[in-house]
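The hints should help you fit chain B onto chain A, whose structure is shown.
2 protein chains.
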Amino acid sequence: MDQFIYQKEDFSLDQKELILEETIFHNANGYLGVRANFEEGYPDTYKTIRGTYINGVYDFTPMNQAEKLHGLIEEKQTILNVADTQEILLYIEGQRFSMFEGTVLGSNRILDMKKGITIRNIIWESDKGHRIEIKITRMASFVFQHLFLINYEMRPLNFDGEIEIVSAHKGKVSNFFDPSDPRVAGETFEYLHLSDVKVEDDISIMTAETSKSGIQICSLVKNQLESTVGRFVQKETEVTQTFTVRAQKGKKISFYKYTVLGDSIRSADVQKEMKQYLKDVVSRPVFELYERQEVYLKDFWNNSALEVEGDEDLQKAVYYNQYQLLSSVSKDAYGNIAAKGLSGEGYEGHYFWDTEMYLQPFFVLNEREISKNLIRFRYRTLEFAKDNARELGHSQGALYPWRTIMGKECSGYFPSGTAAYHINGDVAYSVVAYYLATKDLEFMKECGAEILLETARLWMDAGNYYQGKFHINEVTGPDEYTCMVNNNYYTNLLAQYNLRWAAKMVRILSTAETGEQWCAKMHITEEECRSFEEAADNMMLPYDEETGINPQDDSFMQKKRWDLEKTPSEMFPLLMNCHPLNLYRYQICKQADTVMAHFILEDAQDIDTIRRSYDYYEKITTHDSSLSTCIFSIMAARLGMTQKAYDYFGESAKLDLFNTHKNTKDGIHTANMGGTYMAIVYGFGGFRLKEEGISFRPVMPKAWNGYSFKILFEDSKILVRVDKKQCEFILENGSGKEISVYDEKYFLVRNLAVSLKENNAE
Amino acid sequence: MDQFIYQKEDFSLDQKELILEETIFHNANGYLGVRANFEEGYPDTYKTIRGTYINGVYDFTPMNQAEKLHGLIEEKQTILNVADTQEILLYIEGQRFSMFEGTVLGSNRILDMKKGITIRNIIWESDKGHRIEIKITRMASFVFQHLFLINYEMRPLNFDGEIEIVSAHKGKVSNFFDPSDPRVAGETFEYLHLSDVKVEDDISIMTAETSKSGIQICSLVKNQLESTVGRFVQKETEVTQTFTVRAQKGKKISFYKYTVLGDSIRSADVQKEMKQYLKDVVSRPVFELYERQEVYLKDFWNNSALEVEGDEDLQKAVYYNQYQLLSSVSKDAYGNIAAKGLSGEGYEGHYFWDTEMYLQPFFVLNEREISKNLIRFRYRTLEFAKDNARELGHSQGALYPWRTIMGKECSGYFPSGTAAYHINGDVAYSVVAYYLATKDLEFMKECGAEILLETARLWMDAGNYYQGKFHINEVTGPDEYTCMVNNNYYTNLLAQYNLRWAAKMVRILSTAETGEQWCAKMHITEEECRSFEEAADNMMLPYDEETGINPQDDSFMQKKRWDLEKTPSEMFPLLMNCHPLNLYRYQICKQADTVMAHFILEDAQDIDTIRRSYDYYEKITTHDSSLSTCIFSIMAARLGMTQKAYDYFGESAKLDLFNTHKNTKDGIHTANMGGTYMAIVYGFGGFRLKEEGISFRPVMPKAWNGYSFKILFEDSKILVRVDKKQCEFILENGSGKEISVYDEKYFLVRNLAVSLKENNAE
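From first to last, the protein sequence lines are chains A and B.
Numbered per this note's numbering, the first sequence spans residues 417 to 1178.
Numbered per this note's numbering, the second sequence spans residues 417 to 1178.
Chain A with its partners taken away, still in its complex shape:
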């Protein structure tokens, strides 16, 4: 069984399954994403989220606040559902093909993660008994980022007759709206207004303008049915092209539909550029398009595949997650990674801290160019972050938005949005991680250092000294079940790291060539550097003597503990059933917060404090956030609880494929997918990336026979392979490196094997 293939046989036509599969089998390449809707449609009663999205393309939409306090966000950005080019209708001897009419004699659905395509195979019989085999292949090309390609292969099984193919290009679209959901406004809103609809050179071309953001989106469709000429019908918002062919029993007919999407953020003359683009891809032999997709993915898997031996389901889930990371991430700095990737409209396509803390670890260690673009995205939006800081009363520095597409804050409820100042620390952390993995000073000068500096400046203004300690008040940590607290451990620890690294980077750069110039441009002085270091050295980090743990914030310990055992299961997720004030009053966590801080910056505390904290928080954490279990998995592994780590890992890995959070229909959970990766590499592998170098502390879950992963550190590619007995390190290329395994130092020249420890925790 090929674990790169995810397949469903005789798939269900149950509406709930289908809407879920729209997400699971969607096609995306980081630029565009198309949900896996049936080309031929569904019965009218079926709920479907029919969508095509472009990374970074947005419109503004009003967000009314119940009370108009100064500075509250009243306009947000939203991802757009752009032109619908999925529709293809087949008429078999006059009867329209549908999964819900005639007879489906067999069907399956396939995601092939090596070929980068999805396939739908159907054997269908019409009411009159005409039997036909249909194979629908879809691809969002990783190589040709603007291209989405559909191929229909049709083979009459028991008849000669007429097949009509009607391929549509629809410009009238709107975002998903569920009239049964009271949380959504009373009507759909059309963000896109078609400004140009035409057919030119057998290509249908539509140009649409967003209602407020001033973005042009161009969609082009080219249909090809061997040498047949199709008839165009052009309406106000729709172009169809109809092909009629005489089909012969047993003989395949192959139909191609090329969609090219472009936007004016990336193209100066989008229509012209996309026309040229389409002509270029159409001019290539189609096998080349497929082949280059396969080559691209071969490189990808070769570069970064996580292997798990001994658990087929898990291996598949791990591949799936990794594949979706690649599908979701923008390959340029105009986009980023939305919480739901390009698979749906959940969270309105916003980018969160997920990028830096859950997704960058994968890209930093495997796909450096992507990693750089994610940082460039933050750099590109730095001015908005500065404006945001001013709006919040800070006289200096930049505060990144909690959720955004184009750089402006979109939080509707600021206590668990804008107040999450840790986003600044998260962004800085990812810059440092990139630096630690690459030592790429050029990139630091290009943008990384400035990000470090402006985020550090924000902390200096947001915090203040009190009784000799540097306090950061009124912020919200990762755990949104407690908001606007003082000295959130996670936030302060990251702020400390951010301040230290800002100073350190300034010192590194100021000694480098052109460094002085850079410092002058940044108006950075030695005094400011020292003020960063002083604040970092005196950072308030809550510690509770009685329990010996790090409290989540100053006042966490004085609150009542929520009794999770007595909470009925239908109360979860608690946020759906409890007033925020109720949650805020208790010791109850939505997700890893201090535990996460102990993972990412483990050296701030001794291992006993970390262990006690883990034990303490585990009892009051609901994991109502999909960002939680992977962190608990990592820390369980770190603390020698391998079986527990394995259980948490399973929850994380299977989240989307098994729809365990029951909302995968709205899109995949990209952060959790990154978390799955982290749980293997940082959790079981015990990998850490620090200033001192890289280190490992591998453990092996009982259920597995082995696992492996790869790390690109500086110029060196290292394959790490763990089995029941030992851990092997193989230098695939690059120079020899010092590595630490179970706190022992080794110099890796070619390969190295270290015996596995039963218990890796001190």
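Don't take every hint at face value.
Pairs count within a copy or across copies, as identical chains cannot be separated in the list.
As the list claims (entries may be wrong) - With a straight-line cut-off of 27 Å between C-alpha atoms, the simulated DSSO-like cross-links for lysine-lysine are: (1) Lys-747 with Lys-1126; (2) Lys-802 with Lys-824; (3) Lys-484 with Lys-824; (4) Lys-691 with Lys-651; (5) Lys-1133 with Lys-747; (6) Lys-484 with Lys-628; (7) Lys-1035 with Lys-1153; (8) Lys-1078 with Lys-484; (9) Lys-530 with Lys-1133; (10) Lys-484 with Lys-463; (11) Lys-982 with Lys-885; (12) Lys-544 with Lys-667; (13) Lys-982 with Lys-802; (14) Lys-1035 with Lys-885.
For the record, the hints were derived by calculation from the structure and aren't laboratory data.
Computed from a predicted model, the values in this text were never measured in an experiment.
Relative to chain A, chain B alone:
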């Protein structure tokens, strides 16, 4: 000069002045309120808030939350603008009378607070030179609560000719909407739908239904022009009656327009009852209506007038404020006192803690029946308060809504709304104050004790013990520039008082007749009583060793101090120019918070702590709330800073008449009006009402020659008169009472004089 008369000569026709006077000269009686709009209207370009309101009559209206967290309020109540019966058009020999056409030869506007009427006098000349004197008298009857009466006296000065009077009754009304205000939704909404419009027995009758709250409102108009018969014209939503008379030079014509308003909250068959009501009032000689108004007010002033000698402006402002208290307060338990009384739509007609902490002090000591009804209102809505507590996750007790009309919470932004749990303590405090002033155990059994009990139960669930202390976390105190804090001093102190008094009242009642029965009904046990006392005894009350003050909450001292001196004046009020997170991060106060706690429960701290706290908070308080300066005035007086007390008092007293907060157009500030009263009685008079009895500590502002006030304590009416030398106490009726003056005990039999101390502070 009669200080019960507030008069404007040749009043301005500037639009901004007029809209302000709509508030200042409004007519209200606690049941209904009519803004002082010109009967004949304004030019189209003028902004006017034309309104008639009924206390306690509301509709529901949606309030969308930007993010839909569980339990957030999505529907609020709003006061309604009901039928418009103000319009009276005059045609003088064919020309329509208007202040903006023809020539106004003279005019004034009068509020007569002894007669309980407003008057508009105009001498007007038409374009053709017809000169006429018009006197318009309006009255909202205190005696006949459903009646609003307009009288026109017209005297042709230089002509004989035709006068036409067109009196309208308009059913198509909507709440005020300002298209230039971006904070208001895009269109007006008609809350009222007319279900019946008719003319019967020369009375026009309209019945309207609210859109959602299921309330019927009935308005009836009866016009009388001596023996002239008017012609009715009935349209879908409007009835007019036109009278034509031959006027003779020098001879007065008198026209009366009776409006009767009723509602189905108070009347089972509102139309029938109001028809009868109107017939009754019309059948009385009109002078009786005016006379009874005057008698009612004579009693009122006699009972409670605050006298200030030596400052005419202030005296007038003091009378004005007192008059508005009477005009604003509901005389039954179906209404309460809206933040803006019945003078406008500001704060949507909601009732706040203002009632208990700023308005009840006046009523408790002067108008006992009104005071009882205000408590009954809270009792009537106790079930909603229990529901509210459940919604917020509390397993027991009641939590009163921060803002409401019918009992359900209406806060749009819960951190400075719902989270203000001190409302519970405020309600309890007012119950105790009523009890201390009356010793009325019957009323405690009727409703007071149950309120004390259910509010106390809430604290037990909201708080928790930590390290031996009872903590109350995640609440907002009076100062909304810091939200959702732990152990707000004001809140905890009131909670302590609430808990103690709940236990005490249970013990008192359980020894009284039928007491056992009551305890059984309330399911109150000795154990629960003890738990109240234990929590009260161990209540966490923040104290800072370093400064020797009571910090506003646990973490107040660790925040940065806001530099008020460096803040440009255009930044105030800060809430209009600063993001909440910005304010929350600083030591900066919108209003008295801890200082207020030190006023209402002064025995919790020694006077030095109180003084240090006062000094500390004064420097960081903006008084951006109208509830602040009166409290600072009281505490300045208490601490011997009489001049400062006087200055704060002036700010408080003149707020509306001098429009110092620049928003009196939206309505008067009732709480501040109560605060003015408190500043004299509690501030300069140093009056306190405690379990131990009543006490005084009078001081005399330099600018005054004297002041006096009255107190109804138990069965005794005491007149307190202070001059430059002494303070006189006169027992007007009732039994002798022990009183304390400057901490000395006296027994007041008939009268008593005590020399004034230069400095009353220890």
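Right, here's what the structure says about each hint:
| no. | hint | in the structure |
| --- | --- | --- |
| 1 | Lys-747 with Lys-1126 | within (21 Å within a copy, 79 Å between copies) |
| 2 | Lys-802 with Lys-824 | within (10 Å within a copy, 41 Å between copies) |
| 3 | Lys-484 with Lys-824 | both (19 Å within a copy, 21 Å between copies) |
| 4 | Lys-691 with Lys-651 | within (21 Å within a copy, 64 Å between copies) |
| 5 | Lys-1133 with Lys-747 | within (22 Å within a copy, 84 Å between copies) |
| 6 | Lys-484 with Lys-628 | both (22 Å within a copy, 24 Å between copies) |
| 7 | Lys-1035 with Lys-1153 | neither (40 Å within a copy, 61 Å between copies) |
| 8 | Lys-1078 with Lys-484 | between (34 Å within a copy, 19 Å between copies) |
| 9 | Lys-530 with Lys-1133 | within (22 Å within a copy, 94 Å between copies) |
| 10 | Lys-484 with Lys-463 | between (35 Å within a copy, 23 Å between copies) |
| 11 | Lys-982 with Lys-885 | between (39 Å within a copy, 25 Å between copies) |
| 12 | Lys-544 with Lys-667 | within (20 Å within a copy, 100 Å between copies) |
| 13 | Lys-982 with Lys-802 | between (46 Å within a copy, 23 Å between copies) |
| 14 | Lys-1035 with Lys-885 | between (30 Å within a copy, 24 Å between copies) |
Of the numbered hints listed earlier, the single one contradicted by the structure is hint 7.
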